[in-house]
Amino acid sequence: MSQLWNLLLQVMVNSLLFLYNVLGHNFALSVAVFTVLVRLLTLPFTLPAQRTAKVQQEIQPELEQIRKKHAKDKEKQTQETMKLYKEKGINPAMGCLPMLLQLPIMFAFYQSIVKALANTPLQMISLGQFASASLSHLVPLGSRFLWLDLGYPDPKYVLPILVVATTWLQQKMSTPPSSTDSQAASMSQSMQITMPLMFGFITMSLASGLAVYFVISNLVGIVIQYFISGKGSLPLPRGLKKSEQKDKKGK
Amino acid sequence: MRKITIGPKIVLWLLIIVALLTGCRGGAPLTSWPGLTVAEDVVYVAAGAKVYALEAETGNQKWEFPGEEKKGPFYAAPAVAEGLVFIGSTDNNLYALDAVTGNQRWVFATNKPIIAGPVVAGDTIYVASADSKVYALEAATGVGRWEFTTGNWVWATPLVADGKVYVGSMDHKMYCLDAESGQQRWEFEADGAIAATPTLAGGLLYFGAYDNKVYALDAASGAKKWEFQAGGWVWSQPLVVNGIAYVGSMDKMVYALDAASGQKKWEFATDGAVVAGPAFADDLLYVASEDKQLYALDAATGQKRWWFTAKTSIYTPPVVADGVVYTCSQDGRVHALDADNGNQRWAFPRTEQ
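Residue numbers (the working numbering), protein chains in the order written: chain C, 105 to 355; chain Y, 10 to 362.
For the record, the hints were derived by calculation from the structure and aren't laboratory data.
Keep in mind that the hints are not guaranteed to be accurate.
Just the calculated beta-carbon pair ranges, DEER-fashion [to be verified]:
no.: 1; chain 1: C; residue 1: Val327; chain 2: Y; residue 2: Glu196; range: 25 to 31 angstroms
no.: 2; chain 1: C; residue 1: Met308; chain 2: Y; residue 2: Lys121; range: 17 to 23 angstroms
no.: 3; chain 1: Y; residue 1: Gln238; chain 2: C; residue 2: Gly246; range: 53 to 59 angstroms
no.: 4; chain 1: C; residue 1: Met105; chain 2: Y; residue 2: Ala229; range: 51 to 57 angstroms
no.: 5; chain 1: Y; residue 1: Arg314; chain 2: C; residue 2: Pro148; range: 53 to 59 angstroms
no.: 6; chain 1: Y; residue 1: Pro358; chain 2: C; residue 2: Trp109; range: 29 to 35 angstroms
no.: 7; chain 1: Y; residue 1: Ala232; chain 2: C; residue 2: Trp109; range: 43 to 49 angstroms
no.: 8; chain 1: Y; residue 1: Gly153; chain 2: C; residue 2: Gly246; range: 26 to 32 angstroms
Just some of the chain Y residues that point at chain C, by a computed CB distance under 7 angstroms [claimed, not checked]:
no.: 9; residue: Ile124
no.: 10; residue: Met179
no.: 11; residue: Asp200
no.: 12; residue: Asn221
no.: 13; residue: Trp242
no.: 14; residue: Met259
no.: 15; residue: Trp355
Beyond 10 angstroms from chain C on every Cβ pair, some chain Y residues (computed) [said to hold, decoys possible]:
no.: 16; residue: Ala204
no.: 17; residue: Asn251
no.: 18; residue: Ala282
no.: 19; residue: Phe289
Glycine included, each C-beta is placed from N, C-alpha and C at the ideal position.
Isolated chain C, as found in the complex:
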């Protein structure tokens, strides 16, 4: 298992080094391009989940009806919910499983960025065991980009702010509109605020190269999400009700 993991890391580290070599020794650009490539390569994992989420959004009213109708009979409620899922041809597990499957790829990508940005001897030992001989001449990578040293946190906090904004936006777009269940809605709302803030906070202490990865990854996610579900639970234009928007789409 660890050999497989190391192989994945080796591929990713050397891909990053290769991109760095062909993209004018600009590591930020290499990370951006590689992030887009990885997001596209993991589409087969992410798309089913996003499609499932979209259908789940659409059947919210029916699910709400089932919940109300069988409020006192949990077993019946589950049965009816599963029946509805079956009718709509969705598998609830598809919402989470594909996301979990892409986790190793994301972690490997994360680790490969950390490795490639080695700026201490111990990190360099680790890089030396993954970098191929033909790309070793690139080491140490030039880590300057605009005001950033990509191996260190952003001193001006621009990237953490961008991470917060893009994480919030992506999450907002991929979250179903608030349900009538006030507890679930408030839980969902608080997660939509705390998660981006938490990510921004973590980014403040991480290498800014990783923040570039988070921002680009979020931006790609936002574009993909837009094509799947539109603006999700983002506020609609003034004076336009959800039902009206649905009607317009239908037409």
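Dock chain Y against the given chain C, drawing on the hints supplied.
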């Protein structure tokens, strides 16, 4: 009571955050490797955020630096001269300590972490920094004499010999400087970054680079005499004894090369990267490896005589003095071993941390 559902995206974010916070950071948990020097019956060890002075005979602690305040962590081996102990720190500073008490005498600030060890020659101390510079300072006071700027970080400990300073830089170049003035005499460009300290023997300068090569240059002119291709980066400082250059590589091997021609005489395989330079005494070659072992090899044949297993990897070059080989593993533990058979005489700290 309503069931609260958490979306898959949120689960994913939570898992990522957990992974970030639980050290899924790709690097080793320690932030430095220990440096080890033995001088006048005292073992000086810089491990983590502390520098310790230990009695070589017993391993009893004489002093430690710093007290409560944070100064490290330290990578480099301390240098000892004229009653002072010099140690570079990743807090960018070079510290001069009283060798008897460990009290700080002076401090010299560079602009980036100091990874390389300082070197004392005469009344001058030479230190290189990741700010790309090599500094020459008055050893007694820390007052600057000259500085020389390379094109990238300098992690390699300079070598001072015959009025010259030889220092490798991550800009791929080996520089030869005048020790008095800091004026550049020559430079040689390798195919990879140079983090290894060079060795001078018989008019040749030996060093390794991240291009998997060991180079031998004419020390007077910088002209290449030969190069040897290893299977991994060469970070270890070569050791030249009796016409043989011994050098470790991150391909897990130790090579014995003919010092004049670079022809391989023998090789010895360990199970981990060999980052530390070897040590030699009484026909035995001592080699530390990432595989947690310190090997004693027959210097003529490469046959293994004995080995000692530490609890963690060893990146620190071993030091041999008075029949004792000293080594320090990544857990910061110093082991004093009988050079003949590897029996442990003492360890510091006494108990495992």
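Verification of the hints:
1. For the hinted restraint 25 to 31 angstroms between Val327 (chain C) and Glu196 (chain Y), the CB-CB distance of approximately 49 angstroms leaves it violated.
2. Against the hinted window of 17 to 23 angstroms, the Cβ-Cβ separation of Met308 (chain C) and Lys121 (chain Y) comes to about 21 angstroms, which satisfies the hint.
3. The supplied range of 53 to 59 angstroms is broken by Gln238 (chain Y) and Gly246 (chain C), whose beta-carbon atoms lie about 26 angstroms from each other.
4. At about 54 angstroms, the beta-carbon gap between Met105 (chain C) and Ala229 (chain Y) stays in the expected band of 51 to 57 angstroms.
5. Under the hint 53 to 59 angstroms, the C-beta atoms of Arg314 (chain Y) and Pro148 (chain C), about 56 angstroms apart, fit the expected range.
6. Separated by about 34 angstroms at the C-beta atoms, Pro358 (chain Y) and Trp109 (chain C) satisfy the suggested range of 29 to 35 angstroms.
7. At roughly 45 angstroms, the beta-carbon separation of Ala232 (chain Y) and Trp109 (chain C) lies within the given 43 to 49 angstroms, and the hint holds.
8. Take Gly153 (chain Y) and Gly246 (chain C): their Cβ atoms lie about 28 angstroms apart, and the range 26 to 32 angstroms holds.
9. Contact between Ile124 (chain Y) and chain C, as hinted, is supported at the beta carbon level, the nearest pair being about 6 angstroms apart and thus within 7 angstroms.
10. Look at Met179 (chain Y): its Cβ gets to within about 5 angstroms of chain C, closer than 7 angstroms, so that hint holds up.
11. Taking 7 angstroms as the C-beta contact cut-off toward chain C, the hint placing Asp200 (chain Y) at the interface holds, the least distance being around 6 angstroms.
12. Satisfaction of the interface hint for Asn221 (chain Y) is found here, the shortest Cβ-Cβ separation to chain C being roughly 6 angstroms, below the 7 angstroms cut-off.
13. Using the Cβ-Cβ criterion of 7 angstroms, the hint placing Trp242 (chain Y) at the interface with chain C is satisfied: the shortest such distance is roughly 4 angstroms.
14. Of the supplied interface hints, the one on Met259 (chain Y) holds, with its beta-carbon coming within about 5 angstroms of a beta-carbon of chain C, less than 7 angstroms.
15. Nearest Cβ of chain C to the Cβ of Trp355 (chain Y): about 27 angstroms, over the 7 angstroms cut. The hint is violated.
16. Separation of Ala204 (chain Y) from chain C is inadequate, the least Cβ-Cβ distance of about 7 angstroms not exceeding the 10 angstroms criterion.
17. No beta-carbon of chain C is positioned within 10 angstroms of the beta-carbon of Asn251 (chain Y); the least distance is around 30 angstroms.
18. Not every Cβ of chain C is farther than 10 angstroms from the Cβ of Ala282 (chain Y); the closest lies at roughly 6 angstroms, contradicting the non-interface assignment.
19. Every C-beta of chain C lies more than 10 angstroms from that of Phe289 (chain Y), the closest at about 24 angstroms, which supports listing it as non-interface.
In this structure, the hints that do not hold are numbers 1, 3, 15, 16, 18, in rising order.
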